[in-house]
Each structure stands twice: as C-alpha cells, then as structure tokens.
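Asks: One-letter residues, chain by chain:
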Amino acid sequence: MTEMLAIDWLTAVIFVPLAGAMLAFLLPRQAHLVGVGAMALTALVTIALVLQVLTEGAMITHLGNWEAPLGIDLRVDGLSAILLAMTAGVGLLVSLGALDSYASRRVPERMRRYFWPLWLLLLSGLNGAYLSTDLFNLYVMLEVIALAAVGLTVLSGRIEAVRAGLEYMYASILGALLFLMGVGFVYLELGRLDFAGLLAANSSPALSAALALMVAGLALKTALFPLHVWLPQAHSNATAPASALLSALVVKVSLYIVLRLAQYMLPPSEILVALIGVLGLGAILWGSIQALRAERLKLLVAWSTVAQIGLIFVAFARAGADGVAESWKAAALLMLAHAIAKAAMFLAAGRIKDEIGHDRIRDLDRSPIRPTLAQLSFAVAAISLVGLPPSLGFAGKWILMEGAMTNGYWHWIVVTMTATMLSVAYFSRVLTGFLRFDRQRTPAGEHQGWALADAAPLTLALFALGLGLFAAPILSFMDIGYPFGATP
Amino acid sequence: MSTGLIFGLTGLAVFIIGLCGALILVDPLRRLLALKLCSVGASFMLIVAAWNAPPATPDPVPHALVITGIVVMISATAVALALIRRLHTLEQEQND
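Same order as they appear, the protein sequences are chains C and G.
For the first sequence, my numbering assigns the number 1 to the initial residue and increments by one for each residue that follows.
For the second sequence, my numbering assigns the number 1 to the initial residue and increments by one for each residue that follows.
Hints listed in this document are in silico derivations from the structure and should not be mistaken for laboratory results.
We put the beta carbon where it would ideally sit given N, CA and C, even for glycine.
Treat the hints loosely; a few may be bogus.
[To be verified] If we take Cβ atoms under 7 angstroms as the criterion, some of the chain G residues that face chain C in the derived model are:
| no. | residue |
| --- | --- |
| 1 | S39 |
| 2 | A49 |
| 3 | A76 |
Please work from the sequences and hints to get the whole structure.
Replies: Here's what the structure looks like:
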C-alpha cells in the first residue's frame with residue numbers, strides 16, 4: 001500500500017500517455033481500446049494530482065534526483081494543475097467522441113489506426129509542457145506537440161488537409177527555431193535555463209531580446225495575428241475530433257508558456273506589452289471579419305479561434321495595472337473557457353456535417369435533417385464563447401473588464417465589447433440557420449439525427465456554460481502555490 | 001571587428017537569408033530548404049557565442065542545445081518531406 005502511495009503523479013501524467021502511444025502504435029487493431037484506456041488512466045492520474053495539489057500545495061519532482069540547474073525539475077502548482085485537468089477533461093470527452101466518429105465503416109482504416117498514437121503522443125507533450133520548469137525542456141515538449149499536431153491535421157489524407165498540414169509544419173519549424181534561439185541567448189546571458197534562474201536574474205537588454213524572440217516563436221505557434229495564416233486551413237480541414245484537439249488544447253500550450261515567460265522574465269517592457277495588446281486587437285478584428293465572411297461552418301469556427309486568441313492576448317496585456325502579475329487570471333480563465341467551448345463547438349460542427357452531409361452555412365436552413373442535439377451543443381458553446389452569464393467565458397471577460405476598469409484602460413473595455421458584439425454577429429449567422437424552417441421543402445422531424453456521438457459535445461458545452469458558476473473556486477485553486485512572483 | 005562578431009553576423013545573415021526564402025518562395029521543397037538554412041544560421045550563432053579563446057574550453061551547453069535542435073530538425077524535415085511527397089502524388093492524381 002505504501003508503495004502505491006509513493007507513485008509520483010507528476011512523472012506518471014507524462015509517461016502514461018507516452019506508453020499508451022507506443023502500445024497503440026504496436027497494436028493497430030486494438031488502437032482505439034488502448035487509446036481510450038490510456039486516456040482514462042491519464043485522467044485518473046490527473047485527478048490524483050489535482051487532489052494532491054489541493055491538499056499539499058505546489059510540488060516539485062527532481063527527475064533522476066538531480067536538482068536544477070543541473071537536472072530538470074517538474075513542478076505543479078494551481079495553474080499547471082488546472083490546465084492539466086482541462087487537458088484531461090477535454091481529452092477524455094473528445095476521445096469518446098472520436099471512438100464513435102472513427103468507428104463507422106466509411107472512415108478509412110488508416111485514420112482509426114493512427115489517430116490514437118498521435119493523440120496520446122500529443123497528450124504526453126501537453127502534460128509535459130504544463131509541468132516543465134526548464135526552457136529547453138519546454139522547447140522539446142513544443143516539438144513533440146508540433147509533430148503530433150501536424151500528424152493529426154493531415155489524418156484525413158485529403159489534399160487540402162495535406163496542404164494545410166505542410167503550412168502548419170513550416171510555421172511550426174520557424175516558431176521552434178525562434179524559440180530555440182531565444183533559449184540559447186538566455187543561456188549565454190544567465191548560464192542556466194530553469195525558471196528559478198530566470199526569476200533571480202536582473203533584466204538586461206540581452207534578456208529582453210531573448211524574450212522577444214521566444215514570444216515571437218510562440219506567437220507563431222499559437223497563431224497570434226498576423227502570424228495566424230496557417231491556422232484556419234489547418235483547423236478547418238482536419239477531421240472533427242482532431243480539429244477539436246488542435247483548437248482547444250494545442251494553441252493553449254503556447255499561450256501558457258507566454259504567460260509563464262512574461263512573468264518569470266519580468267519586467268517585459270511596456271512597449272512589448274502594448275504591442276501584444278495591439279496584435280490582439282488586430283486578431284479580434286481580422287478573425288471576426290473572416291468569420292463573418294466564411295462560407296463553411298468549420299472555417300467559421302476556425303476563424304473564431306483566431307479572434308478568441310486575440311481576446312486572450314488582450315486580457316493578458318491589459319487586465320491589470322502591473323502587467324501580467326494581475327492579468328494572468330483573466331487570461332487563464334479565458335483559456336479554460338475557450339478550450340472547453342471550442343472543443344464542444346468543433347465536435348458539434350463535425351456532427352452537423354456528418355448528419356446533413358455538408359457544412360455550407362447558407363444551406364443549413366434548407367436541410368430537412370436537423371441534428372437537434374448537435375445544434376443545441378453548438379448554440380450552448382457559442383453562448384460560452386460570446387460570454388453570456390453564467391458561462392465560463394462570461395467570468396473570464398468579467399475579470400478582464402474589471403481589471404481594465406480599475407486601472408483606467410477604458411479603450412480596452414471598448415475592445416472587449418467590440419469582440420463580444422462581433423462574436424454575436426458571426427455565431428448568429430449559424431444559429432439563424434438552425435432556427436429557420438421556412439425555407440425547407442419537406443416537413444422537419446424534430447428529433448432527427450440523435451446519436452450517442454452527441455453526448456461528448458453536449459457534455460462539453462454544458463460544462464463550458466455551467467463552470468462559470470464555479471469561477472471563484474477555480475480562481476482560488478489557480479492561486480495555489482502562487483504561480484507568479486514566488487520561487488518556482 | 002573581432003572574429004567572434006564576424007562569425008556571429010555571418011550566422012545572422014544565413015538565418016535572415018533562410019527566413020526570407022521561407023516567406024517568399026512558393027515551391028514547398030525550396031521553402032523547406034530555406035527553413036533548413038534558417039536552422040543552420042541559428043545553430044551557427046549559438047555555437048559561435050559559446051566559443052571561448054583557448055586555453056579556455058567552449059561552453060558545452062549551447063552545443064548540447066544545438067545537437068538537440070539538429071535531432072529535432074531532422075525529424076521535422078522527414079515529416080515535411082513525407083508530406084511534400086504525399087502532396088505531389090495527390091496533385092498528380094488530381095491532374096490526371
């Protein structure tokens with residue numbers, strides 16, 4: 001029994017999905033069973049880790065008993081734990097959705113076989129990045145994530161997907177190189193790469209340049225305007241479960257690293273913070289305009305990701321007086337809200353496309369088939385992304401505006417409001433299509449197209465809506481081991 | 001101008017040439033090669049910066065970073081090449 005208790009959950013949460021990925025690759029016929037099994041096990045490990053953080057606070061594991069700066073430490077605090085929980089929760093539900101959508105006979109064998117190893121590898125990389133306390137380790141994790149993500153993008157094997165995946169690969173390579181250069185310069189300046197070393201360092205022009213390089217690389221990977229060009233095609237051409245994972249989880253990890261870096265390498269200069277805010281504004285406007293123009297449902301959802309990432313960057317830059325020290329909470333909450341709601345929305349969009357047979361927005365109201373539950377999930381997810389109460393998105397925007405208001409950043413409140421209005425506008429394009437029945441020839445059946453596959457998007461959407469009620473406990477949980485300012 | 005600076009600027013120049021290529025070129029294979037050039041430039045800068053005048057030895061950690069970077073780049077290149085081949089085949093099928 002004592003041996004059971006001695007399991008190090010930090011290591012387990014990285015290695016369980018990694019082992020699962022290898023097993024799923026070696027047993028292609030049972031890949032889906034291995035995949036869901038490993039995912040469920042990872043979710044259990046994550047729960048154990050969250051409970052441990054709740055009782056014991058932040059924890060550090062020295063890998064191989066070598067302490068930083070010589071060795072590599074894994075550290076979990078409230079913020080890491082909440083993001084791990086988000087990854088496990090979204091991942092588990094998307095996996096269940098994938099189990100159903102890849103089970104049909106129409107789906108090529110290849111997709112069923114390779115989805116699971118790629119997704120588990122991605123999961124391992126994501127968990128590793130959230131626990132990492134070392135810049136170079138983060139670089140390696142980013143690469144693991146990128147390779148798995150590109151694999152998921154091209155899974156369908158269609159020409160558009162391969163083209164989009166190649167663009168994604170190029171963006172990813174360039175982003176990684178910029179990040180690596182930044183890491184190298186940090187080492188040359190400080191002689192160490194762990195977060196504790198960064199925290200202890202005095203700011204210098206060389207460090208600011210290194211930070212700018214790393215942030216540029218991460219902005220490319222997280223698709224911050226104007227470096228977003230690869231995202232819409234990659235996310236809209238992937239299969240539905242892959243899109244959900246890419247949009248909900250993969251872009252979040254680069255955002256998380258930006259959050260950590262900006263705090264540990266304090267103070268990021270005012271110019272850099274202002275620049276991030278302005279780029280966020282650009283992303284909101286451009287992403288929304290493109291979402292308003294998009295002809296296909298999945299493309300609209302992908303462009304809305306660009307706009308929402310812009311909003312997260314605005315939150316990050318402008319929701320507090322002291323730069324990121326205060327505003328990280330608004331940004332983290334918006335990240336959480338976006339992850340859950342966007343996963344629901346992509347799965348729902350995939351279901352709608354499967355049932356109706358196309359995803360042209362202008363023809364949605366002509367269809368005699370109405371996948372009611374998928375449409376409901378889509379609508380509820382849209383409510384959370386728009387930010388109506390009591391959704392999690394509302395809580396995030398509230399904190400953002402409260403922070404901006406108390407610090408007199410009135411123009412950023414206007415920006416947030418504009419982002420909200422625009423998101424209402426582009427989601428309304430879809431929702432009116434769901435609600436109009438006058439343009440269809442045949443009588444509509446109210447309950448057509450229900451399936452077990454609707455359970456995953458619906459559950460995610462309801463979580464996105466309902467978790468807003470628990471925003472206060474989530475925020476206080478994120479504060480455990482105060483992620484910023486104290487020694488990591 | 002010190003030797004180190006000349007080498008460093010050369011690395012930067014190689015990186016920028018690669019960057020321009022990656023942004024401007026159209027052909028997928030040439031863009032990939034441009035990105036490879038980028039990575040050579042970046043690695044070169046790190047290695048030069050780690051150099052110390054003899055008898056002092058060079059700092060090994062940037063070298064370790066570069067070696068890992070090379071390994072990562074090899075796998076990324078392999079994936080990109082596989083995708084390029086696949087794209088080529090698909091485009092040919094479409095044209096037929």
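Asks: Run every hint past the structure and note whether it holds.
Replies: How the hints compare with the structure:
Hint status for S39/G relative to chain C: holds, with the closest Cβ pair at about 6 angstroms, below 7 angstroms. The criterion of a C-beta within 7 angstroms of any C-beta in chain C is met by A49/G, whose closest approach is roughly 5 angstroms, and the hint holds. Given hint, A76/G at the interface with chain C, holds; its Cβ is 5 angstroms from that chain's nearest Cβ, closer than 7 angstroms.
In terms of the numbered hints stated before, the structure departs from none.
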